[in-house]
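K.L.:
In case you want the letters, here they are:
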Amino acid sequence: MTADHWGFVLAAYGLAAIGLGAYWRRLRRREKELDALGQGGRSHPASGAGHPRSEPASRTPRQ
Amino acid sequence: MMRALGWLAALGLAAGLVMGFGVAPRELTQGNVQRIMYVHVPSVWVAYLAFAVAFVASIAYLGRRAAPADRLAHAAAEVGTLFLGITIATGSIWGKPTWGTWWTWDARLTSVSVVFVMYVGYLLLRGMVDDPERGARFAAVLGIIAALNIPLVHFSVYWWRTLHQPPSLMKPGGATMPPVILAALLVNFAALALVGAYFVARRARLLRREAELLA
Amino acid sequence: MIYARRAWAVVWKDLLVERRSKETLNALAFFSLLLLFVFQFALGPDRERLAGVLPGLLWLGFVLAGLLGLGRTFVAERENDCWEGLLLAPGDKSAIYVGKLAGNLLLMLAVEAMLLVLFAVFFNLDLAGVLPALGLVVVLGTLGLAAVGTLFAAMTANLRARELLFPVLLLPVQVPVLLATVKATEAVLAGEPLGAVAHWLQLLAAADVVYVTAGLLTFDFVLEG
Chain A
1 MTADHWGFVL AAYGLAAIGL GAYWRRLRRR EKELDALGQG GRSHPASGAG
51 HPRSEPASRT PRQ
Chain B
1001 MMRALGWLAA LGLAAGLVMG FGVAPRELTQ GNVQRIMYVH VPSVWVAYLA
1051 FAVAFVASIA YLGRRAAPAD RLAHAAAEVG TLFLGITIAT GSIWGKPTWG
1101 TWWTWDARLT SVSVVFVMYV GYLLLRGMVD DPERGARFAA VLGIIAALNI
1151 PLVHFSVYWW RTLHQPPSLM KPGGATMPPV ILAALLVNFA ALALVGAYFV
1201 ARRARLLRRE AELLA
Chain C
2001 MIYARRAWAV VWKDLLVERR SKETLNALAF FSLLLLFVFQ FALGPDRERL
2051 AGVLPGLLWL GFVLAGLLGL GRTFVAEREN DCWEGLLLAP GDKSAIYVGK
2101 LAGNLLLMLA VEAMLLVLFA VFFNLDLAGV LPALGLVVVL GTLGLAAVGT
2151 LFAAMTANLR ARELLFPVLL LPVQVPVLLA TVKATEAVLA GEPLGAVAHW
2201 LQLLAAADVV YVTAGLLTFD FVLEG
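Taken in order, these protein sequences are the chains called A, B and C. The first sequence begins at 1 in the working numbering and counts up one residue at a time. The second sequence begins at 1001 in the working numbering and counts up one residue at a time. The third sequence begins at 2001 in the working numbering and counts up one residue at a time.
Pulled out of the complex, with its shape left as it was, chain A reads as follows (with noise of 0.2 Å):
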């Protein structure tokens, strides 16, 4: 009765599989960069805001 549409679920299906591999390869990336760096000191600048402090649950701000 209905079509099938076989092409559009190939699609959906393929869109998401991109999304979550893209993903996971940019974040498998990024810590290769990181083992590369490991003791270099400075990070590459595509690296996101982090977090300086290792020492956490400090209640005094900044400064």
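Just so you know, not all the hints are guaranteed correct.
Reference excerpt, derived from the structure (chain A facing chain B, CB under 7 Å, subset only) [to be verified]:
#1 4
#2 9
#3 11
#4 16
#5 30
For the record, the hints were derived by calculation from the structure and aren't laboratory data. Cβ coordinates follow ideal geometry from the N, Cα and C atoms, glycine included.
Using the hints provided, position chains B and C relative to the given structure of chain A.
P.N.:
For chains B and C alone, kept in the frame of chain A given last:
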């Protein structure tokens, strides 16, 4: 640990595909296009779950200033945005054969896309604050406001697109779903939730390593 | 009592600065007039056609003026190096938020009143009958806009891309307020009673409560440094 989670997620995805394409029958009215639902609907659930995690982590960060909470909020918001993007893309692809158009201002598509741009703004803010400690504080505040705003967005968009007076708060149609389809939805939800958890854990670890390197 | 006096001190300071310099209000009044011109030019002079989109245009004007006005909330503190003054204020910092919010509310309502008069003149609106209902919608909507706007203005005040980031953060959050106010304004201008839009007013009130509460509770963290 992380590796095991990753394999579990991959296994879940395979099971989800089997449920969605093998076990679940061809839907009578819509045909096989309906199978898009098995990725579309669970991914929006996972996205909202991730935003809930980001909300709780934001509150925890403001309460105790613990850096791990900030990293969890950051990772969860990012992964939630990814899943919401998948939701919108697959919804749009489903809409073309079903409604005949890629995009309509349907209530649910609209509200989901409003939430999407809200969290894109959150990630933009994350990237634009130089001082990481201040960025964490601001992002936590925005994460709280954005999460509190989600119900308001949903109600307003729902009323905007439907009747003058709201008929009921619950979406209709949930009760008539056949158990096989519900089971396929739930399996896919579990699979995508595992993928989301895996991504969040890995992203948070990446953030920690970056922070350690900068320190 | 002391809390209210602290909030009032902030309002009074900003009002005094504004009264002496008049820079924000003057510029915003002129901006409102320009908006009217732009709307007319962009949409053509056909009044019948414009009547349908009037509530949307009105709130577009309010929001654009709000983005400019609210974005300047902390300009005086930043440019005159008085940020530390705010930080050093004793006691609960949320009093500063209340003061800034009240000041913004006054400013926005003044600009919106001007814009309404301009709309009434340019589009031949008869506002006399609907003014109380319209006023209620405008006040509820403006409170929501100003509550989030004040918080975000403090957040973006010291960032590099503040002019860009402020609207980018504020607009998506304001979608519920915008939908509710436009729909309610539409109904009010069409002469419907307020009861017909009660659910929108409830949504606006709920949004106002949520935003103001969140602002009060989180402002301390925003101001810190």
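K.L.:
Verify the interface restraint on residue 11/A: the C-beta must sit less than 7 Å from at least one C-beta of chain B.
P.N.:
Where the cut-off is 7 Å and the nearest Cβ of chain B is about 5 Å from residue 11/A, the hint holds.
K.L.:
Have a go at the residue 9/A hint: is there a Cβ in chain B nearer than 7 Å to its own Cβ?
P.N.:
The hint holds - residue 9/A has a Cβ within 7 Å of chain B, the shortest such distance being about 5 Å.
K.L.:
So, as I understand it, the hint says residue 4/A touches chain B; can you test that by seeing if any CB pair is closer than 7 Å?
P.N.:
4 Å, holds
K.L.:
Does the interface hint hold: is residue 30/A within less than 7 Å of chain B, judged Cβ to Cβ?
P.N.:
6 Å, holds
K.L.:
Checking hints one by one. Is residue 16/A an interface residue toward chain B, by the C-beta closer than 7 Å rule?
P.N.:
With a closest approach of 5 Å, the residue 16/A hint holds.
The structure shown violates none of the earlier numbered hints.
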